[in-house]
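Protein sequence lines correspond, in order, to chains B and D. FYI, my numbering numbers position 51 of the first sequence as 51, with every residue one higher than the one before it. FYI, my numbering numbers position 304 of the second sequence as 304, with every residue one higher than the one before it.
You can take every hint at face value.
Heads up, the list lumps identical chains together, so a pair's fine if it works in one copy or across two of them.
Listed next, the in silico DSS-like pairs over lysine-lysine satisfying Cα-Cα at most 27 angstroms (straight line): (1) K196 - K180; (2) K249 - K183; (3) K180 - K148; (4) K344 - K271; (5) K241 - K254; (6) K124 - K271; (7) K344 - K213; (8) K158 - K42; (9) K183 - K196; (10) K190 - K180; (11) K271 - K341; (12) K196 - K213; (13) K213 - K241.
Please keep in mind that the hints were generated in silico from the structure rather than gathered at the bench.
So you can see what is in the structure, the chains are spelled out below.
There are 2 protein chains.
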Amino acid sequence: MPELRRDPVVGRWVIISTERPRRPDQFASGGVEAEELAPGEKCPFCESNERMTAPEISAVRPHGSHPNGPGWDIRVIPSISPLLRIEGNLDRHGHGMYDLINARGAHEIVIESPHHLREHELPKEQVVKSFNVILDRVQDLERDPDIKYVLIFKNYGKAAGGGHLHHARTQIIGTPVNLKRVKEELAGAKAYYDYKERCLFCDMLKQEMLYGKRIVAESRHFVALAAFASRFPFETWIVPKEHSCDFYKVERGKIPDLTELMTTVSAKMRKVIGDFPFNFVLHTAPFRRDAAKRGYWETIEWDYHWHFEILPILTRVAGFEWGSGFYINPLPPEDACKSVKEAKV
Amino acid sequence: MPELRRDPVVGRWVIISTERPRRPDQFASGGVEAEELAPGEKCPFCESNERMTAPEISAVRPHGSHPNGPGWDIRVIPSISPLLRIEGNLDRHGHGMYDLINARGAHEIVIESPHHLREHELPKEQVVKSFNVILDRVQDLERDPDIKYVLIFKNYGKAAGGGHLHHARTQIIGTPVNLKRVKEELAGAKAYYDYKERCLFCDMLKQEMLYGKRIVAESRHFVALAAFASRFPFETWIVPKEHSCDFYKVERGKIPDLTELMTTVSAKMRKVIGDFPFNFVLHTAPFRRDAAKRGYWETIEWDYHWHFEILPILTRVAGFEWGSGFYINPLPPEDACKSVKEAKV
Chain B
1 MPELRRDPVV GRWVIISTER PRRPDQFASG GVEAEELAPG EKCPFCESNE
51 RMTAPEISAV RPHGSHPNGP GWDIRVIPSI SPLLRIEGNL DRHGHGMYDL
101 INARGAHEIV IESPHHLREH ELPKEQVVKS FNVILDRVQD LERDPDIKYV
151 LIFKNYGKAA GGGHLHHART QIIGTPVNLK RVKEELAGAK AYYDYKERCL
201 FCDMLKQEML YGKRIVAESR HFVALAAFAS RFPFETWIVP KEHSCDFYKV
251 ERGKIPDLTE LMTTVSAKMR KVIGDFPFNF VLHTAPFRRD AAKRGYWETI
301 EWDYHWHFEI LPILTRVAGF EWGSGFYINP LPPEDACKSV KEAKV
Chain D
1 MPELRRDPVV GRWVIISTER PRRPDQFASG GVEAEELAPG EKCPFCESNE
51 RMTAPEISAV RPHGSHPNGP GWDIRVIPSI SPLLRIEGNL DRHGHGMYDL
101 INARGAHEIV IESPHHLREH ELPKEQVVKS FNVILDRVQD LERDPDIKYV
151 LIFKNYGKAA GGGHLHHART QIIGTPVNLK RVKEELAGAK AYYDYKERCL
201 FCDMLKQEML YGKRIVAESR HFVALAAFAS RFPFETWIVP KEHSCDFYKV
251 ERGKIPDLTE LMTTVSAKMR KVIGDFPFNF VLHTAPFRRD AAKRGYWETI
301 EWDYHWHFEI LPILTRVAGF EWGSGFYINP LPPEDACKSV KEAKV
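I would like the entire structure built from these sequences, with the hints used as guidance.
Rendered as structure tokens:
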């Protein structure tokens, strides 16, 4: 079973694949990653190739077709190379001064079209369906008491770890521990709330709407924002106008509005920077809060505010970033915002 | 002047190059990075090309040659594209709820050979000289009251942000604020010390020496370790056996021993994984501690322990890492250690 190991200095967990590890010499430079499907290679995510994946967890089958066969709109499968497994137990244990947990959790893939389409080729109704399926999956995963957090993300393009299949999909990972990054955000949002008695994100939205130069686009319920301290050129946050700490409690009626804004922003970005690699990450509050109302959990409904982050991967993280935890961004977010906002689509 | 902006949520600073920004459309995908020096392109770091750089800050000129001309062993210059500048003032200020500082600081390059050599081609005596020059530069930078931390690192290879010049060098960056990553390490080390009344790193070394399976190599004064919770395949830490929080107070007599261990380990790693891209980062205590003896600074001499980290860049950071702050490592450090230890050089 893969293993979660805790760095004893900074408390960061690392998933070590002790189960199907690559041999050391397979990491030798010159290992070539495929860019595209090889001639004759089948995409395991396409309709009619259902047998290439593990049995599906759920699917949208509007015409009542059979599981693991064709006739679906959205299909959810266990990851082909899961980082965390649904079977087994946590077994938190120590090894001398070190801490370990079995890599218990969940790793699912939401296949967002039966057809071989990339993210930007998805019809809007498929994106809406995918969001609804994700919400269903999270509600289901919440019932597993060993899962502390559910992370939703997309990797698109080689530089962003998106692989060579190029079939639109979203990943869902349920982890047995709370995430370092989430804890940091909750602690920061709480510190602001404790001082100001207002939500940091609500204040930020208000200031940004007044200032205007970092607002990329807005819809009825959401704002697309070039973050003030963007780590990456064209980093864009999608933030709900109404205060809420939980994406998972979003009114489903708002999903088409969210989809509309996201597809517009993404099309405008493509107009400026072409077919860009990106990571897309949901930032939302942990769902298992009643059992742990203390510290930064206390006022979480008031002080935290869920949002998506679109992170284009156009620059490299290097020694400065690893050593400092800071970032270098060669493009002021105001310039990025202007060019994306003005792009015609 | 470039600007340091603070992320209001997690307190991370980002350097925004507002001075010579690239145009938004220059980030469009397909922008090609050079892999090698173009035919006829001169390396600005080579002897006799001194005029291609800004005037040198210092140099080792054993035969008394003139500054900014040939006849040197090691040469220190201001970065050609500095992230932080020595001129101007900090000007900490706010913009509504946001915080900014002018990018005041220092960004220097230590050129480690007058000849066009890569890192692994450097004769050991050049590495020793370079370490000594770095120690001198840090002592000098410490006199600038606006510099709070000095970060020492190397980027080698394209994937690690090392560029296309392939001339051995180390970067020195002095920052006007303490680093997020350093604060996290100091806080973690202090928490351990508060509980155990022992140094975390000293305990770790003791456990590792007993266990043995993650010890890559050792010299008289230093140990090369495959970190228990390695983020990256072949991640290797170089840790001094004797407790000390300050690299900058290392006895200079130990530098040849450090160099010997580092060059051996690096040669063994190359034997296993070829010409691998890497970042090399020094982790040491902040030097300006007397003015701020509080919180995690209080017991820093006892609880922190300097070390180097060699981070081979053979895998990609993607959505999971950005969203979680955790990492995925497909190679158990024990396997990496075994193969490197056994490599014959």
